[in-house]
Amino acid sequence: MKLTAGFRRDGLTRRQLLITGAGGVLWSAMPHLVSRAHAEASQPPSVEAAKAEGPVVVWHADQEADVVEFLRIFKEKTGVDAVQQRLLPGAALPKLEAEFRAGQTTGDVYITSDSGIMENLRLQNRLLRYIPKDIDAYAPEYRSAEPGYWTTYYVNVGPMMYDPRYVKKEIAPKTWTDLLDPQWKGQIGFQNSAAGTSYGFWFAMKDVLPKDFWDNLGKNNPRAYASSTQISQDIERGDLKIGGRVSIFQYVKSVRNKQSVQAVFPEIGVPAVNQVIGIFSTTKRPNASKIFTEFMLSKEGQFLWNNIQGSYSARKDIHIEHLPDITTLKLRLPVDFQDYMRPERRREFVAIWNKMTGL
Amino acid sequence: MSVLSEQEAQRAAFARASAFDLRPEVWIPLVLLAGTLGFPFFLLVTSAFNVGDPEAFPAKVYGVDNFIALSGHLDWIRNTLVIAGGGTALGLVIGVVLAWIIHRTTMPGRKLFELLIAIPYPLGPLVGALAWSQLGAPRDGLINRMFGAITGIETHLINIYTPMGIIFVEAIFEAPVAVLIIGAAMQRMDPSLEECSSIFGSGKLRTAWKVTLPLMLPAVASAALFMFTSMIGSFAIPTMLGTSSRFYVATNAMYVLLQGYPPNYPLAAALGLVLICMTALAVWLVQRVLRGKSYAVISGKNYRPRQVDMGWITWVLFAIASLYVLLSLILPMGTLLLASFQSSNAISFNFPAWTLGNYKYVMFDFPTTQQAIINSLLLGVGTGVIGVLLATFIALATHRSRSDGRRLLEQMTMLPQAFPRLIFAIGFLWMILALPLKLYGSLFAVLLAYVIVFLPLAYRGMSGVVVQIDIALEEAARISGAGAFRILRTVTLPLLRPGLLATWALLFMVSVREISASLFLSGPGTQVLGPAIFSFWDSGGMPRVSALAVVQALIILIALTLVRSMANRGAKV
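Protein sequences, first through last, are from chains A and B.
Taking the numbering used here, the leading residue of the first sequence gets 1, the next gets one more, and so forth.
Taking the numbering used here, the leading residue of the second sequence gets 1, the next gets one more, and so forth.
Next up, chain A with everything else stripped away, as it sits in the complex:
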């Protein structure tokens, strides 16, 4: 409730701006857009209509090559065209905000590593509800409370990683507090504070690890990277000893490439975040968006996507080669979702993380 009120307050502020410009006209069109979206939400998608709508635009922050490959297969299987745009949350959300205000949206489907952001969008009535046929294959913790707004399309588990060519197994960290050993000074890599997975890691582990863990970790001068690909790359090249939290698919990709990288899953728990998919309420291609979501969450789509990427599906009936059995891992997902979404909590994380990584 508090959050909803907060967003309404922001909306009023922004509307004032719109009124000073050309926004009044667009504002008057919003009720039509929203009602159209609600009407469309209840309608099952038509493949013919989807083809006529043109390519569905998918906003994401995943590995671009993986998304492109998945979209290619999607088109092959369904006949519906799709294009992608890679946008990290900091770029995606201001762009989305601007587009929503002006009523000139370009994105249709949004996939993100930050389920808190997606839940915020739901609270702002910016998501179209569509319940895919396979929704029951997803446990409640992997979908929005009211099913159909957003659903987990993969579970991003984040172990530590190292390359035994450069770090001997005997001295490699076994648990998170081993990262505090001064021998790793300047040799630990994390994604920067812009990554939803970094937030998920901090949030999931903040009550498990000692209170001063992050300050002490900061003394070891960890390095910040824009993506887990870059961390993995530097580990492979020997320019970084330890990946402090690396997305699991980097490990699978390394194994597939016959590299010697090792993943460490501490017994105390390994952080994981839900990577979620939703449809914008202003989509201009509702049929194509629904077909895309349906395909992504289907058994076939889940196998294809997670096999391409090397990640865990939230479905129990999908198994991907080279991934450790998920039931043997002590996963730490964000449990207190209301707290996870709080802007104050995010700001706290950003301050801690930036300080830790030297920003």
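Chain B side only, calculated, beta carbon under 7 Å to chain A, not exhaustive:
#, residue
1, Arg139
2, Asp140
3, Ser244
4, Tyr248
5, Val256
6, Asn345
7, Ile426
8, Leu433
9, Gly523
10, Ser539
If you want the ones that stay clear, here's a sample from chain B, every Cβ over 12 Å from chain A, calculated:
#, residue
11, Arg23
12, Phe49
13, Gly63
14, Ile68
15, Arg110
16, Lys210
17, Asp309
18, Leu326
19, Ile330
20, Gly382
21, Ser480
22, Thr490
23, Pro494
24, Ile558
Honestly, the hints are just simulated from the structure, not real lab data.
Glycine included, each C-beta is placed from N, C-alpha and C at the ideal position.
With chain A's structure known, arrange chain B on it following the hints.
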């Protein structure tokens, strides 16, 4: 009668002195620029002083907390100044030396070197940083691997992930601009001034130092200003070489502040305002240096500057030029080529394991590439044409007009250079969404942003040329009865022609390699090469991003060759 006339004349003079004489050639571009820049600037200022909800727009609560918070990050500003200052100094040395070698000496192969030296700039900082991260990485960099293999020493020879490494890469990839700007001025110089110096007994180096260089001051200052402001706003090199080694300048800090959620606009905007102040200070300093001096080196005669035979030193100069080409072109492109054949991130010399699959992927399997190539070429041509026309008009207005407000126009024109492009892009996005025209999502919107963003560069290029043309030539034509259009066609434009072509080429290059503004403005259907490569660097792995960078380089080389051949044909006509 004569007393009355004198009084009238005095009154008229007083009226002229006291009236604000703003003429159309100044106020029209002034209004257009103010309109286009006003909104992003308004966004920047209000955000910088926003101490309430960081995402509220416009802000409700104002204060200076963000600047106080910024005082805790003075290292960002200090590092920015170190990189921009050091990079400019090194780039300027490279630029002056190379321009002089190419245009004023008899060194063999000058034409070829002129072409080779120009190439690193359009390849861009992104390609430079990418290549040097593979050449100069402490453990796995090719140079360090070779050093280790030859000497057996395990310590690295160079580490590119350091402030010195960043300065080095900035300098070698920005230096071609200095060569272009200074070289263009050198080609227009009256050789009799140098001849005088020689007659009075000065040696070749002393003449170069005492006569040639001072005459080049406007061009040198323009080049320095351009490089300094470019490096203040430089994004790709600090991001790719600095961030992972905990080295933050304003731009890579701002990128993280803006990319995270919630984005910290206020702190980023406060940082942006500081950058604007730093740039404004640089512009003011350059104006102060040039004020009250005449730099007209083109007059009624047509000169072909004398080229100096440096004797045995010629071969030293040849070695210097070759070293630059090696460091800025051959090694980086060779490394990218090597990396593009690999199947993993580490470069291996196991030839049977090499693959062309990365090229197949980026050219045929990756749908963004083809569209990005076409869009980037269109934007390059469009930005070049519109930017050159606009910049020429403004340069003529600021240097030829007697209107008031010329300085203001110049400062307004230079303002976008001070805008961090990431922030400008957000403000610009808001502006085009607010316009009644359907610009959003179109290539034209990106074109418009490019023209604004690169206007300072175009203006600096054209201003350096206009300031050197003696107004007496135009006045002579006027006295001979030529009208304004005829003067423009037969006198001004022919004299400006080399500058026009050089500036067009420059705009084409910077547009093709642009990243930071495009990150926000390009979208499905309007993808361009810079963000495509950056995104691949972010998530695609070294072999594929290297292949894409090589493809981009080839496109730029082909385009440049075409442009040069067209320019040469035009020159013959």
